[in-house]
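Could you fit the two chains together into a complex? Lean on the hints.
Taken in order, these protein sequences are the chains called A and B.
With our numbering, the residue at position 80 of the first sequence is 80, and numbering never jumps.
Add 1000 to a position in the second sequence, counting from 1, and you land on the number used in our numbering.
Some hints here could point you the wrong way.
With a cut-off of at most 25 Å between alpha-carbon atoms, the simulated DMTMM-like pairs for lysine to aspartate or glutamate come out as follows [said to hold, decoys possible]:
1. A:Lys27 x B:Glu1046
2. A:Lys39 x B:Glu1001
3. B:Lys1043 x A:Asp82
4. B:Lys1043 x B:Asp1062
5. B:Lys1065 x B:Asp1101
6. B:Lys1042 x A:Asp1
7. B:Lys1043 x A:Glu17
Which chain B residues face chain A? A few, computed with CB under 10 Å, are given here [what the hints assert, rightly or not]:
8. Val1037
9. Gly1044
10. Leu1045
11. Glu1046
12. Thr1053
13. Pro1061
14. Tyr1102
15. Gln1114
Just a sample of chain B residues kept apart from chain A, beta carbon distances all over 10 Å, derived [said to hold, decoys possible]:
16. Ser1025
17. Asp1073
18. Ser1077
19. Tyr1080
20. Glu1089
21. Gly1103
22. Gly1115
23. Thr1119
Because the hints were derived from the structure by calculation, they are not lab data.
For glycine and all other residues, C-beta sits at the position ideal for the given N, C-alpha and C.
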Amino acid sequence: DVQMTQSPSYLAASPGESVSISCKASKSISNYLAWYQQKPGEAYKLLIYSGSTLQSGTPSRFSGSGSGTDFTLTIRSLEPEDFGLYYCQQYYEKPLTFGSGTKLEIK
Amino acid sequence: EVQLVESGGGLVQPGRSLKLSCAASGFTFSNYYMAWVRQAPKKGLEWVATISTSGSRTYYPDSVKGRFTISRDNAKSSLYLQMNSLKSEDTATYYCARLGDYGGYSHYFDYWGQGVMVTVSS
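One chain only, chain B, in its complex shape (with noise of 0.2 Å):
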């Protein structure tokens, strides 16, 4: 069975940085890209991060980009989120999740965690 369980979550203030970890098992990790996805109190789900299974490649949307960084452990079967410059707007649940497509080519998300809290407050 895939599972996906985030970590590291919690209150933060503005301008700090934070780490999130997501541990996987039940499949083979390091032949999956994996990527972060959130959603912001009452607000929809917007893509954070995607990491190819090597690890060399990595994908971000303009709103994190240069704040957040995305990587993986495959010796441990682990994704991380390392977040910097936090700001309020980064207030949200955070989801771990799989890639679908084996290859990396379609980046839909066929396993999520249950995610994890950031809040972002002084």
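Looking at chain A on its own, in the form it has when it is part of the complex (with noise of 0.2 Å):
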């Protein structure tokens, strides 16, 4: 199974400000990567996929990069309503496999 070490685990920062997430997967998977954001009482949101195509509605203050093993999701400019839970994906291959998740507070 294709492994998603996801990291920080906690991340506190200002409005503002940037953030990056970093995603690495155990082998090689292209860019066949898609990160996710859920806050408390709502659904999961879909933010990127194919490692840095924004879904439509998806802030451009958001950004995925990487391919191969390396992925990062930035957020410029942070704004109040960011803070989540922050999750990526690998699809290149089954079993479909998440990262750990990143816990975004504002502060």
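Spelled out as structure tokens, the structure:
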């Protein structure tokens, strides 16, 4: 199985700052990577797929980069509504696997 | 508006069965692959099953293969998960999700339900 190592597990930042979340795959997954956000009481939301393609409706302050084994989700100029949990997921092969998650808190 | 609403969760004893349902609306259900994903308490996400548009192809991880069965009724825009021989480690919130790729080639999820809790305990 492809192991997805996500870091950090916790992140606190102030509005206006930029943050990055890392996701490393145990083998090359090309660009078959998605990023999700979950806020309390809300459904999971797809932010990015194919490593860097923004899902319709995702604000442009979100960006994804990387290919192969190393990927990064960057949020520029944080907004208060960006708090929540973030997960990466590889879909290069089955079983589909997810990172362990990053909790983003707004200072 | 795409909506996915799960139901059927609850408390069940180890070794027993439970069937989850997901009612879909706001899109042409028969055109999309669908899936179940779960999240154990305080744990990460785990993919559980995927089904093709017609239901002819299904995919499972080893952790549930042979115990869980995913199915769909396109006439009712509904997705199901039959869970047999349940174990305590199956305790989780189960999410219904739609595959984002129209052709089913890329298995990421563009819409998720709110989830339904399943607790396996004696």
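Can Leu1045 (chain B) be said to touch chain A, with a Cβ gap under 10 Å? holds, 4 Å
Is the interface hint satisfied for Gly1044 (chain B)? The criterion is a beta-carbon contact with chain A at less than 10 Å. For Gly1044 (chain B), the interface hint holds, since the closest Cβ of chain A sits about 5 Å away, which is under 10 Å.
Checking one constraint from the list: CA of Lys1043 (chain B) to CA of Glu17 (chain A), max 25 Å. Satisfied? Violated, because 28 Å separates the two Cα atoms, which is more than 25 Å.
When the least beta-carbon distance from Tyr1102 (chain B) to chain A is tested against 10 Å, hint result: Check failed: Cβ of Tyr1102 (chain B) comes no nearer than 13 Å to chain A, outside 10 Å.
Status of Gly1115 (chain B), Cβ more than 10 Å from any chain A Cβ: violated, 8 Å
Non-interface claim for Glu1089 (chain B), where every Cβ of chain A lies beyond 10 Å: Answer for Glu1089 (chain B): holds, closest chain A Cβ roughly 16 Å.
Quickly compare the C-alpha distance for Lys1043 (chain B) and Asp82 (chain A) to 25 Å and report which way the hint goes. The hint holds at about 21 Å.
Find the nearest Cβ of chain A to the Cβ of Tyr1080 (chain B) and say whether that gap is larger than 10 Å. Given that every Cβ of chain A is farther than 10 Å from that of Tyr1080 (chain B), nearest at about 19 Å, it holds.
Min Cβ distance, Pro1061 (chain B) to chain A: is it shorter than 10 Å? holds, 4 Å
Does the structure keep Lys39 (chain A) and Glu1001 (chain B) at a Cα separation of 25 Å or less? holds, 19 Å
Does Glu1046 (chain B) lie within 25 Å of Lys27 (chain A) when you go C-alpha to C-alpha? Holds - the C-alpha atoms of Glu1046 (chain B) and Lys27 (chain A) are around 19 Å apart, at most 25 Å.
Minimum beta-carbon distance criterion (10 Å), Val1037 (chain B) to chain A: Check passed: Cβ of Val1037 (chain B) comes within 8 Å of chain A, closer than 10 Å.
Hint compliance for this structure: hints 7, 12, 14 and 22 are not met, and every other hint is.
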